[in-house]
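J.: Sequence:
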Amino acid sequence: NLDLVNTGGQTVELGFTTATTAQTFSGTVDLSGTGTATTIKVSSGTGSGDYNDEQVFSGQVRGSETLTKSGVGRLKLSNSGNDFANAAAGAAGTDVIINDGTLVAAHANALGGAGNTVVVNKGKLELEGGVSLANTSIQGSASGKSMVGGDGTFSAITVGDGTTDIKAISPGRGISSSLTPSNQQVTLGTGGAAANAMGNLTVTNLTFNDNAVFDWEISDFNSGANQSSFNDEFDVLNFDTLTFGTSAVVDLNIFS
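Quick note: the sequence shown uses my numbering, first residue 1, plus one each step.
Treat the hints as calculated values from the structure; they're not laboratory data.
This one's a predicted model, so the numbers in the text were calculated from it and none came from an experiment.
Accuracy of the hints is not assured; some may be wrong.
[To be verified] Computed spacing ranges between beta-carbons, pair by pair: (1) T28 x G144: 29 to 39 Å; (2) G15 x S247: 38 to 48 Å; (3) G47 x T164: 25 to 35 Å; (4) T246 x T24: 40 to 50 Å.
[As the list claims (entries may be wrong)] Here are the simulated SDA-like pairs of lysine to any residue, each with C-alpha atoms no more than 20 Å apart in a straight line: (5) K122 x D161; (6) K122 x S48; (7) K145 x G162; (8) K145 x D251; (9) K145 x T117; (10) K122 x G49; (11) K145 x F214; (12) K122 x L14; (13) K145 x A248; (14) K145 x N121; (15) K122 x T163; (16) K122 x G144; (17) K145 x D161; (18) K122 x F214; (19) K122 x E13; (20) K145 x T46; (21) K122 x N52; (22) K122 x T158; (23) K122 x V12.
Just so it is clear, CB atoms sit at the ideal spot from N, CA and C, and this is done for glycine as well.
Take these sequences, add in the hints, and give me the full structure.
T.: Here it is as structure tokens:
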């Protein structure tokens, strides 16, 4: 067990100086303490290669405190039985915080369940392919640039410049111009759609408020005979209901 007990908050930093593949921890992560967050920092670097550093927690994450993701690397939570929530009330009781990099939900309950609130201060919340995230409260922050993406399904996302709006929606695995200092997608993987950071993302109820950003990556519009792989050529954003706020203007970033 990785038992993170500290009344003043605690950061576990994973440097990845020599790792070339994702690292997996299969033990239990206990979020314990007294009203403070436990921060998992993935990669201490700031270069484009550091975005590839990835830590997987395949074991259960449990407890009654906040899990905070920091560092430019990727943290993937994949256990179906994750059961954690901050016991405090109101904003102090935020259950998941992203302060940098990418947090990947690889199961519907990876982020602790539908009742948990996720706040993206800066960075990206990403869904693995086929995952319909249980959490219904996904919020951005006025303090930084927040993104959602991946290849799964969110039930509801509001994008715009409001206090709690997500600032940008970006299908697939890319970290893009919505996060400074990069002005282009950071490619991931070794081939196909993953390398180009493209994806097929669904938001069942999607709202665009003013100054919302949609990052759209395009390689080609010719997918040949195999139309089932169309998102190998360009990002796809699906929705059931699309709502535009009053006088909403949406910025479209196109990446070749």
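J.: Going through the numbered hints above, which ones does this structure break? Give me the numbers in ascending order.
T.: none
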